[in-house]
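Novice: In order, the protein sequences belong to chains A and B. Take this note's numbering: the last position of the first sequence gets the number 390, and nothing is skipped along the way. Take this note's numbering: the last position of the second sequence gets the number 731, and nothing is skipped along the way.
Careful: at least some of the hints might be erroneous.
[To be verified] Cβ-to-Cβ under 8 Å is the rule here; a few derived chain A residues that face chain B:
id, residue
1, Gly185
2, Ser285
3, Val289
4, Val292
5, Phe296
6, Ser297
7, Leu300
8, Asp321
9, Ser322
Please keep in mind that the hints were generated in silico from the structure rather than gathered at the bench. All C-beta atoms in this analysis are idealised placements derived from N, C-alpha and C, irrespective of residue type, glycine included.
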Amino acid sequence: MRRCFITGICIAVLLITAAAAEAVPADIKYAEGFSIDRYDGYSLVSVSYSRDDRQSITIEYILIDTRGLNQMQRRQIRDRAGEGHPRIPSNRFIEVPVDRCITLSTTFIPPFSFFDTLDRIVGVDYIGNIYDSGIRRQLIGNGVAEVGNGPNLDLELTIDSMPQMVMVNLIEGEWNTVPKLEKAGVPVVVNGDYLETSPLGRAEWVKFIALFLGKEKEAAAWFSGIERRYLELASAVAAETVQLPSVVLNMPAAGRWVVPGGEGYFARFLADARADYLWRNTAGSRSLVLDVETVFSRALTADVWLHQYGVDGIDAIIRADSRLRSMKAVRTGRVANNDARTNPAGSNDFYESGPYRPDIILADLVTILHPGMAEELLPEHRLYYYRYLE
Amino acid sequence: MLLTAVTVLFFLLDVLLGSVSVPVSEALRIILQPGSATGSEDEAWRTILLLFRLPRAMTALAAGIGLSMGGLFMQTLFRNPLAGPSVLGITAGANLGVAVVVLIIGMSGAGQYVHGFSAGMKSYMVFAAVAGASGVLLLILLISRFTGSVTVLLLFGLMCGYLANSLVTLLIHFAAAGQIQSYIQWTFGSFGSTTWQDIRVFLPAVAALVIVSAFFFKPLNALLLGEEYARSMGVHVRRMRIALITATSVLAGMVTAYCGPVTFLGVAVPHIARGVMRTSDHQKVLPATMLIGGAAALCADLISHMPGQPGILPLNAVTALLGVPVVIWVLARRKQRAGLV
Numbered sequence: 001m002r003r004c005f006i007t008g009i010c011i012a013v014l015l016i017t018a019a020a021a022e023a024v025p026a027d028i029k030y031a032e033g034f035s036i037d038r039y040d041g042y043s044l045v046s047v048s049y050s051r052d053d054r055q056s057i058t059i060e061y062i063l064i065d066t067r068g069l070n071q072m073q074r075r076q077i078r079d080r081a082g083e084g085h086p087r088i089p090s091n092r093f094i095e096v097p098v099d100r101c102i103t104l105s106t107t108f109i110p111p112f113s114f115f116d117t118l119d120r121i122v123g124v125d126y127i128g129n130i131y132d133s134g135i136r137r138q139l140i141g142n143g144v145a146e147v148g149n150g151p152n153l154d155l156e157l158t159i160d161s162m163p164q165m166v167m168v169n170l171i172e173g174e175w176n177t178v179p180k181l182e183k184a185g186v187p188v189v190v191n192g193d194y195l196e197t198s199p200l201g202r203a204e205w206v207k208f209i210a211l212f213l214g215k216e217k218e219a220a221a222w223f224s225g226i227e228r229r230y231l232e233l234a235s236a237v238a239a240e241t242v243q244l245p246s247v248v249l250n251m252p253a254a255g256r257w258v259v260p261g262g263e264g265y266f267a268r269f270l271a272d273a274r275a276d277y278l279w280r281n282t283a284g285s286r287s288l289v290l291d292v293e294t295v296f297s298r299a300l301t302a303d304v305w306l307h308q309y310g311v312d313g314i315d316a317i318i319r320a321d322s323r324l325r326s327m328k329a330v331r332t333g334r335v336a337n338n339d340a341r342t343n344p345a346g347s348n349d350f351y352e353s354g355p356y357r358p359d360i361i362l363a364d365l366v367t368i369l370h371p372g373m374a375e376e377l378l379p380e381h382r383l384y385y386y387r388y389l390e
Numbered sequence: 391m392l393l394t395a396v397t398v399l400f401f402l403l404d405v406l407l408g409s410v411s412v413p414v415s416e417a418l419r420i421i422l423q424p425g426s427a428t429g430s431e432d433e434a435w436r437t438i439l440l441l442f443r444l445p446r447a448m449t450a451l452a453a454g455i456g457l458s459m460g461g462l463f464m465q466t467l468f469r470n471p472l473a474g475p476s477v478l479g480i481t482a483g484a485n486l487g488v489a490v491v492v493l494i495i496g497m498s499g500a501g502q503y504v505h506g507f508s509a510g511m512k513s514y515m516v517f518a519a520v521a522g523a524s525g526v527l528l529l530i531l532l533i534s535r536f537t538g539s540v541t542v543l544l545l546f547g548l549m550c551g552y553l554a555n556s557l558v559t560l561l562i563h564f565a566a567a568g569q570i571q572s573y574i575q576w577t578f579g580s581f582g583s584t585t586w587q588d589i590r591v592f593l594p595a596v597a598a599l600v601i602v603s604a605f606f607f608k609p610l611n612a613l614l615l616g617e618e619y620a621r622s623m624g625v626h627v628r629r630m631r632i633a634l635i636t637a638t639s640v641l642a643g644m645v646t647a648y649c650g651p652v653t654f655l656g657v658a659v660p661h662i663a664r665g666v667m668r669t670s671d672h673q674k675v676l677p678a679t680m681l682i683g684g685a686a687a688l689c690a691d692l693i694s695h696m697p698g699q700p701g702i703l704p705l706n707a708v709t710a711l712l713g714v715p716v717v718i719w720v721l722a723r724r725k726q727r728a729g730l731v
């Protein structure tokens with residue numbers, strides 16, 4: 001009798017200490033938009049976004065790992081998590097790994113492909129938006145539903161597909177489908193990858209998606225490979241660079257020339273590739289809407305010109321605006337665009353698999369910006385996402 | 391005349407001042423002696439002045455003249471002070487043409503993150519704007535064959551405008567986010583997207599219409615007093631109607647094609663001109679309208695490109711902010727004479 005009593009107390013003490021155990025934060029090195037805290041049996045995932053001029057947004061999810069657990073155990077963990085985090089509403093409790101997902105952005109799809117779980121996608125926004133024909137074919141073969149996005153989202157079809165999770169972009173305004181979906185009782189998860197400003201940070205979102213697929217270990221291994229290749233290349237380039245080529249981006253339209261801010265995603269790539277992006281000293285990651293002549297006066301002497309939209313070649317550029325002909329980069333042929341992998345429907349792989357391969361993008365940029373060094377550092381690399389404009 | 395001097399002054403200011411500061415002496419040298427550039431900084435300034443500022447100023451001048459003239463024609467034809475080049479749905483038709491190009495055709499070859507138009511689209515846009523404006527014009531002319539009433543024409547034009555605008559709304563609804571942003575930027579209006587090739591077409595067209603309008607003084611004055619009176623004075627009313635509507639459509643269509651939708655000038659400038667000239671006589675008011683229109687457009691352009699700020703303000707916001715106080719002042723100054731037209 002007394003032994004039972006003592007055993008009982010010991011077990012109780014153990015349980016209490018287990019429940020009160022400190023959360024173990026997962027190692028997220030570069031991404032600032034999400035964080036993972038591991039508790040016993042579940043994880044607290046926080047997606048957040050803050051910009052200096054706006055309020056910050058934070059959304060929290062509880063992910064309950066159901067592998068090897070029965071109904072009752074799941075409920076216990078769910079209750080425990082609910083008590084530990086009373087402010088998180090129950091529609092943000094998600095049991096993982098999920099089997100039925102709907103992805104409302106093509107950027108979310110590549111990780112499914114990396115970890116061989118494409119069959120878990122039951123719905124996408126528009127099949128035509130997907131660049132990779134292999135993925136497209138497989139999804140069509142699996143009979144995925146096409147549910148649209150934003151104001152055009154087909155709620156009925158979405159509900160009918162019985163998803164365990166719908167992953168959407170973190171966005172405001174008309175294109176924010178979260179309220180609609182939550183009201184319809186559909187579990188929705190917000191993904192803020194496109195807001196990430198560091199190249200490795202954006203790639204690290206593969207770990208976020210892997211959480212829902214139960215592929216954390218595979219994702220961690222995958223990401224360290226990418227990270228190693230990226231950092232090795234960046235430091236090799238930094239060691240060898242003497243002179244930084246100047247770079248101008250984008251095209252003018254309607255009297256304006258929009259250029260990325262100095263702390264934005266692409267500006268960071270250019271910094272890591274050791275280029276002198278002409279607006280690198282501007283604060284913030286927002287794009288700058290500038291007068292054509294302001295940009296043009298500096299673009300005239302820029303060494304390299306990247307990111308022209310919707311043109312086949314230099315002739316098309318000059319036909320659109322003949323003044324661009326006198327740019328140094330146009331005269332010396334150092335004009336390149338990131339549309340080497342686009343399909344006739346207009347989908348660009350740079351925005352699909354690109355975010356997960358910063359190492360390839362960096363290699364492309366180094367090849368374009370430092371041709372001599374590239375022969376030495378990247379002898380076998382051929383331009384992948386980028387192509388020169390003729 | 392004072393008005394001419396003011397217009398010329400604004401023209402010069404618009405060319406000399408802008409986001410990039412160019413010393414005035416250098417600027418004058420470059421304009422007056424285009425061949426004398428030396429050195430790379432000179433080359434940058436030369437390019438800015440000759441390829442950007444000068445075309446922009448000339449476009450502003452031509453657009454200001456064209457829109458104001460169109461506005462005056464419409465106000466006289468319809469004897470309505472609220473009329474403008476957009477009253478017959480012509481600018482809405484031009485907008486629809488551009489929307490079709492940007493929002494539908496532009497969907498191929500542009501990703502979600504695109505800023506700005508696909509470069510090859512500019513020529514399609516110009517064509518589409520003129521086509522849209524002409525389409526509405528032809529409809530109006532067709533209707534005018536069947537009806538003698540100017541009011542019916544006005545109502546029909548209004549309906550065309552509503553229809554075109556609702557089609558544009560539908561297109562926006564179905565478009566991707568990047569295209570919508572491009573389209574909205576376009577609706578701000580801008581005098582800065584024309585090159586010399588565009589000007590070679592635009593300016594002569596406006597100049598030709600300016601010259602032709604000199605023959606309109608008498609008929610316009612007669613029309614002001616009523617169509618019956620005009621007929622009795624020997625004015626061929628039907629022909630005048632067609633001529634005025636066609637002229638306005640061509641002007642509005644071209645301006646929309648090259649500059650985007652520029653609002654407010656067409657309606658407001660004729661009133662300012664009538665106030666300044668203190669008469670409704672078209673022999674005085676028409677030239678005044680053109681000059682004031684040109685000056686107003688140049689002034690708006692100047693302000694939207696104010697030196698000291700690298701970004702530019704939306705043109706349509708500036709035209710209204712500038713113009714409304716002026717119109718109110720002119721209207722307030724009027725002694726209580728009969729009628730606004």
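Novice: Next step is simple, just say for each hint if it's right about the structure.
Specialist: Here's how the hints hold up against the structure:
Taken as an interface hint, Gly185/A does not check out: its beta carbon lies about 26 Å from the nearest beta carbon of chain B, beyond 8 Å. Below 8 Å, beta-carbon pairs count as interface contacts, and Ser285/A has none with chain B, the closest being about 13 Å; its hint is therefore violated. The criterion of a C-beta within 8 Å of any C-beta in chain B is met by Val289/A, whose closest approach is roughly 5 Å, and the hint holds. Satisfaction of the interface hint for Val292/A is found here, the shortest Cβ-Cβ separation to chain B being roughly 6 Å, below the 8 Å cut-off.
The restraint placing Phe296/A at the interface with chain B holds, with a minimum CB-CB distance near 7 Å, inside the 8 Å limit. Of the supplied interface hints, the one on Ser297/A holds, with its beta-carbon coming within about 5 Å of a beta-carbon of chain B, less than 8 Å. Proximity of Leu300/A to chain B holds as hinted, the smallest CB-CB distance being about 5 Å (cut-off 8 Å). With its C-beta approaching chain B no nearer than about 6 Å, Asp321/A sits inside the 8 Å limit, and its interface hint holds.
For Ser322/A, the interface hint holds, the least distance from its beta-carbon to any beta-carbon of chain B being 5 Å, beneath 8 Å.
Violated hints for the displayed structure, listed by number in ascending order: 1 and 2.
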